[in-house]
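J.: Got chain W sorted already, so can you dock chains E, S and R onto it with the hints?
Residue numbers (UniProt numbering), protein chains in the order written: chain W, 1 to 405; chain E, 1 to 405; chain S, 1 to 405; chain R, 1 to 405.
It is worth saying that the hints were derived from the structure and are not from the lab. Don't take each hint at face value.
Intra- or inter-copy, both count: the list cannot distinguish identical chains.
[To be verified] Below, in silico cross-link-like pairs of lysine-lysine (DSS-like), each with a Cα-Cα straight-line distance of 30 Å or less: (1) K358 <-> K137; (2) K214 <-> K400; (3) K346 <-> K214; (4) K358 <-> K214; (5) K358 <-> K163; (6) K163 <-> K137; (7) K175 <-> K163.
Protein chains: 4
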Amino acid sequence: MADVNKVVLAYSGGLDTSVILKWLQDTYNCEVVTFTADLGQGEEVEPARAKAQAMGVKEIYIDDLREEFVRDFVFPMFRANTVYEGEYLLGTSIARPLIAKRLIEIANETGADAISHGATGKGNDQVRFELGAYALKPGVKVIAPWREWDLLSREKLMDYAEKHGIPIERHGKKKSPYSMDANLLHISYEGGVLEDTWTEHEEDMWRWTVSPEKAPDTPQYLELTYRNGDIVAIDGVEMTPATVLATLNRIGGEHGIGRLDIVENRYVGMKSRGCYETPGGTIMLRAHRAIESITLDREVAHLKDELMPKYASLIYTGYWWSPERLMLQQMIDASQAHVNGVVRLKLYKGNVIVTGRKSDESLFDANIATFEEDGGAYNQADAAGFIKLNALRMRIAANKGRTLI
Amino acid sequence: MADVNKVVLAYSGGLDTSVILKWLQDTYNCEVVTFTADLGQGEEVEPARAKAQAMGVKEIYIDDLREEFVRDFVFPMFRANTVYEGEYLLGTSIARPLIAKRLIEIANETGADAISHGATGKGNDQVRFELGAYALKPGVKVIAPWREWDLLSREKLMDYAEKHGIPIERHGKKKSPYSMDANLLHISYEGGVLEDTWTEHEEDMWRWTVSPEKAPDTPQYLELTYRNGDIVAIDGVEMTPATVLATLNRIGGEHGIGRLDIVENRYVGMKSRGCYETPGGTIMLRAHRAIESITLDREVAHLKDELMPKYASLIYTGYWWSPERLMLQQMIDASQAHVNGVVRLKLYKGNVIVTGRKSDESLFDANIATFEEDGGAYNQADAAGFIKLNALRMRIAANKGRTLI
Amino acid sequence: MADVNKVVLAYSGGLDTSVILKWLQDTYNCEVVTFTADLGQGEEVEPARAKAQAMGVKEIYIDDLREEFVRDFVFPMFRANTVYEGEYLLGTSIARPLIAKRLIEIANETGADAISHGATGKGNDQVRFELGAYALKPGVKVIAPWREWDLLSREKLMDYAEKHGIPIERHGKKKSPYSMDANLLHISYEGGVLEDTWTEHEEDMWRWTVSPEKAPDTPQYLELTYRNGDIVAIDGVEMTPATVLATLNRIGGEHGIGRLDIVENRYVGMKSRGCYETPGGTIMLRAHRAIESITLDREVAHLKDELMPKYASLIYTGYWWSPERLMLQQMIDASQAHVNGVVRLKLYKGNVIVTGRKSDESLFDANIATFEEDGGAYNQADAAGFIKLNALRMRIAANKGRTLI
Amino acid sequence: MADVNKVVLAYSGGLDTSVILKWLQDTYNCEVVTFTADLGQGEEVEPARAKAQAMGVKEIYIDDLREEFVRDFVFPMFRANTVYEGEYLLGTSIARPLIAKRLIEIANETGADAISHGATGKGNDQVRFELGAYALKPGVKVIAPWREWDLLSREKLMDYAEKHGIPIERHGKKKSPYSMDANLLHISYEGGVLEDTWTEHEEDMWRWTVSPEKAPDTPQYLELTYRNGDIVAIDGVEMTPATVLATLNRIGGEHGIGRLDIVENRYVGMKSRGCYETPGGTIMLRAHRAIESITLDREVAHLKDELMPKYASLIYTGYWWSPERLMLQQMIDASQAHVNGVVRLKLYKGNVIVTGRKSDESLFDANIATFEEDGGAYNQADAAGFIKLNALRMRIAANKGRTLI
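Same shape as in the complex, but just chain W:
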């Protein structure tokens, strides 16, 4: 067992990380620094302070990271139209590198030599936390209690809590049967009935969105203003990044937008089913493609599309803090210099419908695209030569007897 003096714990204030806090103190006989972040998960973070104090913690960090999260992590990711395995908008993945970064910053500030987190040994999050931590502070010790202790069932955890006087809140409402994670970008659900891939998800699982069935019968129009690939205003009102996303979450949620039920491939090797609500992100993905469709060069757009799966995998697997992600980001960011303009959307019962896009930097040229006479803007005869030379290699091959069918 590593010799640890002081450990920074990613602390939610909930039961699991409270048990971890106690367990760290007892097992490592070390000082614990708690770090609680407001990433827009929709729960109060201040209660964590009293709980930590009650367990004797002296250095308590409670940070509102919402703006940083959206500005430096969510927005850059959406510049690439990032989707993992064709569906997943990476809501959990993109929050982890920010937490890793803060854990290390706090470790440096407090002189801690270790960090700890509540992620299990089967999931992606442990990888994301730890790769980030090692990349930013290579000598740091990492304590992952779920990989070390023997409290592997809920009963044992409860027993431990009871035995050590850790308060177990018993709300009137039933404990959710799902393992959940939330931040400004999404809320996720795993476990429970979802562990059978054929069983339909339950309607009362969803927390952020109404069902399309319950959404308003009247569509809502929305205009999103882009600057360098990021949304800076909604319906003409300039907003900070976090406000943009919160607003889109609220509106999207009202219209039943952004539910997803998938089976994904975890980095540690197994398939896993997850349900996600990403109302704002779902809107942003569609809208960003729309503004790019008139402002990006074709080959730049295609190159981005070809690199996107790789970029998405890097984020999913925890390599945000890696030189290859940074290298890709430089290219992605550079591509956004002209991605300015406005996209008009219509939201209706789960649908995000693009109804218009405009830009001072639009590359759309109606005069050339038109089916009407264009006054010589485009010489149709050029197409013959274009086709002939593009076909040449295939004609030579066919002439020499190669067959395709």
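T.: Only chains E, S and R this time, still in chain W's reference frame:
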């Protein structure tokens, strides 16, 4: 001007290709063979026979290609989850190589030395027709009247028709202001008000789908059975490929599924706005990803995702009949050997919601994925080593003073 | 410690694996089956039999795998012009999956529940052996003594050998200071003075090739005949795959061909310097590109080039027995259908010079390529349209004020 | 025929472009501005001035572009280890965009509305010149005489010259039978006996290098110093980019380095055989990989390798002045921040042998890489977990009955 003896014309029976037919006869003083295909565009093809005969055509081909179209073109394309520029399902693109192939087969049967088509000199379709034709018969002559003649406005075309006694049908209903193309996979709209990217598409433009607003208030569940990556049954009823697609079009259309309004990048260099209705295809894309999610290996899936944009571009730009498309297809098809099983969907007002997927060849292992105790199926301690070695290169770099932030 | 009944050991007969044999017997109290392969490493394999017998081994496998190695592993790899990190021809990497396969086959035949090997915990080979083993027999136990025992220095190993009566051969010649690996494709050197990347490799390290300085002053010409991408004859004499490679090794070695000194990135995360002699492989790589240059379609060739780094990484990191490598292989093999013909080479003091290539399936068309008048085979005017349309997107952008400089 | 007032001609002073000069004056009745560049082709550029004056040209540009060429074109390209189709170092391709840029700059300075060049309608160079010109000045007219006139044989060209009093220099030495192009990066040969792919190139064709057979018997050692991926000093002597390349050309040429004989795929569709001498470039490619091998992160290096074929194709096909090339360049340049250090090479009779590389920013860690005891720098036990989790997906598949063989 090329010396032409006999030309096979892709003939719809409509005004434009009727004018072309006449123009070919007059201009090239050659025999014309007409070829009219039923690709599921929803219009009668037989009327083309009488029209062609009336213009003196002796060799008339009218083919029902619906099954071949879906089985050999649409289904293979969907095995790759193919989407062009993140949105477009390639409904027009995928029909062109089949037409090109038939044009050449008929040219070979009838001893024709040329082919002709009604695509303009500004679009992608001329490229798709001609690349296919050249690849399959390298010495063929291609006559593209829109690139050659001076009938470049609708008025001139009408004048020509009138002057040459080509009947202009004047329905009660107003001529559509859109340039349209339809086949079993989709119907497309271009031109008219769509030439302003900011103007919303008009509700009465759409022909195949009701709007989500008008779709039924009751969702419909659907079970799709896959064999080697293709749908072979709907709700347990085995069907031919064309029947599968026609059925999904009907159901999808009833539920307002599959409308799309995008600006795309044409191969000939300009941006162009198109609206598309692809009800069945929209369902198939979502469902195919779902069945793959439990039956495909992770790295195979990711490799497919990385190659998809390239494959989509090849189809969009007309390289179906190319050795590189065939090479990719071999890999794609090979990946589908285990893509068998059933996907359950819920359709509701424009939404395609996956609610379950199962397969005898599922790679989902609930025992390993579970958050509950798994009886040793997975050793959580392995994760520590996994992370440590994946982090090693970044730790070494950080130790040597490299910084990421 | 795992409970093991019978283990198949990859046994060279040398000191290290002899110690492992003994250590397995003592530590696991299990039966050991030895497997010794002739992969063309140039050492006798039969002596391993007596040594194994002397240690009480009852089931002894000694296999000549040279033909299988070249036919099913080396040749398929060279079809892709495979090079890792721009330089390394993967000589060690490509042999491991064959050994893994045989270990598992023998385990199945002998009812063994475990395999063992002599690769260290720092290298790539452990990964290659074990990924292959797990992929082919998922429940197999793997014993990697170098990761388990405490005999981590040469002294301890020698002590252990002496203590347990394992004969230590002391040749007259000094023990090589290098860690070496050899098979028909190459011989490799690591360690010793090579651990300083600035120090020049020593001339007397190399074993298979003369130095270019010592190579003959007279060049040698060679004609290689290809069938489906593989060499089937040298100077017109048909040969088996292993004979082809052995012959090229001999000739290449005489001419000082195929030495390499690089720093490579290991899968487990660190950089490592290696020196390699790959005389036959160096010739094959150059020649294969030459035969492909006249027989492969351009876009097929480019697609292969784009996928090669991925394919090379899969082999380097041990994923030969993975579905994604198999999927890529199908595409690569399919591309070789027309890769038939003859390449003429000139070998001289380390140089492999292509001097000619011909094929009945050549796509080279002198009539079209010529700078002389071509009698209309190619219409130069086509180029204007080709260029104009390829430039269109950039012209539109420039017209709208976008700047590139 | 386009209406042209003033045209800037890429003028070498040789026979072909002199004929073009005259032909432009006569055919277009326009003013001609000549532009002659010293790109290190090894011929005097000043004589072009008198010839142009003699034909009445008033605006004559003669530029020494050698430093700009190497600094802004050659060096950036080598940062990516760029090779087209596995062999070609793009010596001709990389010079064209600089000429295109200067043609447009001069057109802007002189108020010319057209440019002209002497490239034929069958080659890549016309594309490279014209794509660059259109991208930088979208409205420019391009006159490509070889695609327009009827002087398609050498005889007709000579006749035209004689008739119009254009001096035809008749050296004592026989006119080369090859079409050649030279600049500081290389000299190329096409045509003549090379049009038969089986015929060996002739020894007396080569102009820049001695044959390996004639190279010195004594090897030469060389130390190259890198700063941000570019060579800044040779054997410790700081030099400008053009001097670096000229020096490496001289030394490499003396040692018989950098000859190449290939069949390549032209952008316009046919295969073409070319011979190239690139002595300095051949040295630079090998050396750059060597300095990157110790200073680049593994995944950054692999990403570069995966993107290189695309980047090479962009340069080969003339898209230097495109947004996608610029986007890739940003990523490539960013990757070179730490590519600093020294590479030691040994040159001998055509061989470029790396014998050492060192860097203050080396990521090579002898302590971790060593086969000796490392004092705990690396925990070998980590490898077990690393392998286990990397194998997990394949083990699950095998457990469920999937087979690989």
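J.: All the hints need checking, so say for each whether the structure fits it.
T.: So, going through the hints one by one against the coordinates:
1. Proximity of K358 and K137 under a CA criterion of 30 Å is satisfied inter-copy only: 25 Å between copies versus 45 Å inside one chain copy.
2. With identical chains, the CA atoms of K214 and K400 are never at most 30 Å apart, being 64 Å at best within one copy and 41 Å at best between copies.
3. Proximity of K346 and K214 under a CA criterion of 30 Å is satisfied in both settings, with 17 Å inside one chain copy and 15 Å between copies.
4. For the identical chains of this complex, K358 and K214 are inter-copy neighbours only, at 29 Å across copies versus 32 Å inside a copy, given an alpha-carbon limit of 30 Å.
5. Taking CA atoms no more than 30 Å apart as the test, K358 paired with K163 passes in neither setting, with 63 Å inside one copy and 43 Å between copies.
6. With identical chains, the CA atoms of K163 and K137 are never at most 30 Å apart, being 35 Å at best within one copy and 45 Å at best between copies.
7. Taking identical chains as interchangeable, the C-alpha atoms of K175 and K163 lie at most 30 Å apart only when both belong to the same chain, with a minimum of 21 Å there against 63 Å between chains.
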